[in-house]
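Number of protein chains: 2
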Amino acid sequence: MAGSSPARAALLIFAVVTALFTSLLMMPWAAESGRPAELHEALFVATSAVSVTGLTPVNTADHWSLAGEIVIIVAIQVGGLGILTVASLLAASVTRSLGLKTKKIAQEGWKTDQLGEVTSLIKIVVAISLIIEAVLALVLVPRLIHLEGDVLSGIWHGLFYAISAFNNAGFVIHSEGLAGLDHDPLSIWAIMIGVFLGSLGFPVLFALWRTRLRYSRWNLHTRLTLEVTVLLMVAGAGLYAVMEWNNAQTIGDMGFLEKLQNALFASVNMRSGGFSVVESNLENPQTKLISDALMFAGGGSASTAGGIKVTTIAVIWLAFLAEARGDTESTAHERTIPASAVRVAVSVVAMGATLVLVSTLALMTITGQDMERPLYESISAFATVGLTSGLTAELPPAGLYILSGLMFAGRVGIITFAAALTVRQRSTRYRYPEGRPILG
Amino acid sequence: MAGSSPARAALLIFAVVTALFTSLLMMPWAAESGRPAELHEALFVATSAVSVTGLTPVNTADHWSLAGEIVIIVAIQVGGLGILTVASLLAASVTRSLGLKTKKIAQEGWKTDQLGEVTSLIKIVVAISLIIEAVLALVLVPRLIHLEGDVLSGIWHGLFYAISAFNNAGFVIHSEGLAGLDHDPLSIWAIMIGVFLGSLGFPVLFALWRTRLRYSRWNLHTRLTLEVTVLLMVAGAGLYAVMEWNNAQTIGDMGFLEKLQNALFASVNMRSGGFSVVESNLENPQTKLISDALMFAGGGSASTAGGIKVTTIAVIWLAFLAEARGDTESTAHERTIPASAVRVAVSVVAMGATLVLVSTLALMTITGQDMERPLYESISAFATVGLTSGLTAELPPAGLYILSGLMFAGRVGIITFAAALTVRQRSTRYRYPEGRPILG
Ligand SMILES: [K+]
Ligand SMILES: [K+]
Chain A
1 MAGSSPARAA LLIFAVVTAL FTSLLMMPWA AESGRPAELH EALFVATSAV SVTGLTPVNT
61 ADHWSLAGEI VIIVAIQVGG LGILTVASLL AASVTRSLGL KTKKIAQEGW KTDQLGEVTS
121 LIKIVVAISL IIEAVLALVL VPRLIHLEGD VLSGIWHGLF YAISAFNNAG FVIHSEGLAG
181 LDHDPLSIWA IMIGVFLGSL GFPVLFALWR TRLRYSRWNL HTRLTLEVTV LLMVAGAGLY
241 AVMEWNNAQT IGDMGFLEKL QNALFASVNM RSGGFSVVES NLENPQTKLI SDALMFAGGG
301 SASTAGGIKV TTIAVIWLAF LAEARGDTES TAHERTIPAS AVRVAVSVVA MGATLVLVST
361 LALMTITGQD MERPLYESIS AFATVGLTSG LTAELPPAGL YILSGLMFAG RVGIITFAAA
421 LTVRQRSTRY RYPEGRPILG
Chain B
1 MAGSSPARAA LLIFAVVTAL FTSLLMMPWA AESGRPAELH EALFVATSAV SVTGLTPVNT
61 ADHWSLAGEI VIIVAIQVGG LGILTVASLL AASVTRSLGL KTKKIAQEGW KTDQLGEVTS
121 LIKIVVAISL IIEAVLALVL VPRLIHLEGD VLSGIWHGLF YAISAFNNAG FVIHSEGLAG
181 LDHDPLSIWA IMIGVFLGSL GFPVLFALWR TRLRYSRWNL HTRLTLEVTV LLMVAGAGLY
241 AVMEWNNAQT IGDMGFLEKL QNALFASVNM RSGGFSVVES NLENPQTKLI SDALMFAGGG
301 SASTAGGIKV TTIAVIWLAF LAEARGDTES TAHERTIPAS AVRVAVSVVA MGATLVLVST
361 LALMTITGQD MERPLYESIS AFATVGLTSG LTAELPPAGL YILSGLMFAG RVGIITFAAA
421 LTVRQRSTRY RYPEGRPILG
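Residue numbers (my numbering), protein chains in the order written: chain A, 1 to 440; chain B, 1 to 440.
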């Protein structure tokens, strides 16, 4: 795997970019106090911004100067564009190296021909990102100018939230979090739609644009991504509403429609956005467990969302369906899912579960806490969600380094891992006879 | 799946047997107090005994009369033999229905020809079980007569533990648990070896016996089962020792070798035996999380151990290895693992994880607790381990019914589910073109 050079290049680029933003955040001018930030804080926030996670050990609004906040939003924009580009390129490089027959197959997932060169791919990524962010800003800026009664502040905050939302970054620059906007449906819906679009991933956004939303022309990847995304979004909102309906610390005291709106907002953000209207820590333990599952699931491939990705879940579910029906192959939308896709999906899940388990054990040892909060924080970091149980703000440097590593691995590691696995198909020289161990 | 009639017959048989033992345990003479047990208690203990789990809401030694304890040990023996027989028969029926070509393949897992008829399979299952139990009893009975200074009591306790150990039942009939034996290495090792042999499963025990332990003649199923079992056993003991080394409430005050012995004992029993020298509830939270993982893993197929089974883990690991190496197929020991085996493995893991998640949420709602103990208890019930965080003894009837259902599903459900999935292979009438969604 380490031998795959596009994957290695991607890891290196992200490491260098993160190091650059770490050093910027350690400048005296970046901090509100004028004292340079500690290495573990700066590294954590830079990693969190570049990986568009949103976890932070310090309050963004209070700790950083305006210059520091600009560094953070630039890091988010660079990280988001970088992720979309690199993940799309890796998916395309998978296509190229699979040879002629499989090239046609892989085009189902990603029509690389129509993009031509790398530069045109980057151009389209940047164009789609900026157009969506601009539309979000056109809604948010006037609204925030109105709400805050200050033009400059409204522009700055509107731009910040537009970028933070589309990139699924979850960073906020009001010291009380998003709470100031929680009674403004327009802002809530703008952020929610921005997060939702960002979580679909570039290949899906491109396919939707290219096909003018005509369902009959969507490819397999687009259909599976949208199906699982909508399913998880609705299920998550329903479960959240049921669990929190009477919890006065979260949505219990709200009106009927506001409860539903906030359940949907929570559901959309659990899978990666990381914005929260209510403090996650005040939710029921059951809600946290459901969040754990949804955070781990994540969003679309080559998107600013993290996690194991919705197509991974789709492939596993299709494998189960094939077995339940007694089919010899998994199929969906009149396409056969190759057996190696099932193996890649299983590998991604196994790798994610192992990373989360090891990090949880380490954080439990460092903090002496029960598993609940270390597990929540580890999944949030791995899946670059950014929701917090409050643990990040309490962690010593060792814990922050672990979560920084997890954000990096969850962001760049999973993308490159899956691409590297998919790309390395060598032909088998001879076949062994089949052997079937007894299972279950 | 429900259409598969051997699987449906197995579910029915286990339900009837469990109902029978429930009614026996509700007899006045079964209880020490002479008052008949409540339905939820009797159903729970009968399910726990028949599924060889070992969880119990009441102290076995204090609550039941000698007659009640005899009912329990008979239920364990009937349940254990039933599981070995039914699981082996289902594996054989899989073989039969796969047709001629695949029949040869499936024989890798299970040589049904050499057994001939169902009756001879049952005879061999009973013979192997009784021989191993007799050897264990030959060690334990004299030892317990010596330790307890009473011949009748020593014989009864020795027989009880011999049966409970080989069947991985984890039931104890000393009110202080196994603690009375924790300084007697001979008893500890006898129980540990009994649990280990029981957890390998009948196909492996039969293969070991038939091949006179000659490695070169072991089939794929036997090799994979032993490899993963030993790996998990050693890793579990190592992690347990590291985590608990200085915990004075568990092994912290013991000598060096006794610490290692107890770590190994804990590791062997975590994967299904369910015996404990130290109270699980006194272990570090990290140890409980590691236990969660090992309990979920479980033992061998067609064994008295539960969980998702070690061969399921082997198949997933081999799928990962194949992708990492860039092979087009998973292979092990010069055999190709068919793609459908990977799909069955994934389905078993997904079903197990879903059952545990739903039960954990339900128990959290019923008890108002954080996830730690409901998760531990749910995994212990699903994987028929029987280790307890103490929660079972505190649960109201609703909670006991949930865990009873989980023990039943974990025991009979997973076996029949995997067999039903494997057996239903229909030929595909036409092939769709391949479609590969982007993953990770
Ligand atoms: K995020
Ligand atoms: K057990």
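You may find that some hints are simply not true.
Unchecked claim - Here are some, though not all, of the chain A residues that point toward chain B, as calculated from beta-carbon distances under 7 Å:
id : residue
1  : Pro-285
2  : Thr-367
3  : Met-371
Claimed, not checked - Chain A is nowhere near these chain B residues, computed Cβ spacing over 12 Å in every case:
id : residue
4  : Met-27
5  : Leu-39
6  : Ala-67
7  : Pro-142
8  : Ile-155
9  : Arg-212
10 : Arg-214
11 : Lys-259
12 : Thr-287
13 : Ala-345
14 : Leu-363
15 : Glu-394
Simulated from the structure, these hints should not be mistaken for lab results.
Ideal placement from N, C-alpha and C gives every residue a C-beta, glycine not left out.
Each hint tested on the structure:
1. Pro-285: holds, 5 Å
2. Thr-367: Hint on A/Thr-367: violated, closest Cβ of chain B at ~10 Å, above 7 Å.
3. Met-371: This hint holds: A/Met-371 lies near chain B, its Cβ roughly 5 Å from the closest one there, short of 7 Å.
4. Met-27: holds, 35 Å
5. Leu-39: holds, 28 Å
6. Ala-67: B/Ala-67 clear of chain A: closest Cβ-Cβ about 36 Å, beyond 12 Å.
7. Pro-142: Check passes; 37 Å lies beyond 12 Å.
8. Ile-155: Since the minimum Cβ distance to chain A is about 37 Å, B/Ile-155 lies beyond 12 Å and the statement holds.
9. Arg-212: holds, 22 Å
10. Arg-214: holds, 18 Å
11. Lys-259: holds, 19 Å
12. Thr-287: At about 10 Å from chain A, B/Thr-287 fails to clear the 12 Å cut-off, so the statement is violated.
13. Ala-345: Check fails; 6 Å does not lie beyond 12 Å.
14. Leu-363: violated, 10 Å
15. Glu-394: Since the minimum Cβ distance to chain A is about 17 Å, B/Glu-394 lies beyond 12 Å and the statement holds.
Hint compliance for this structure: hints 2, 12, 13, 14 are not met, and every other hint is.
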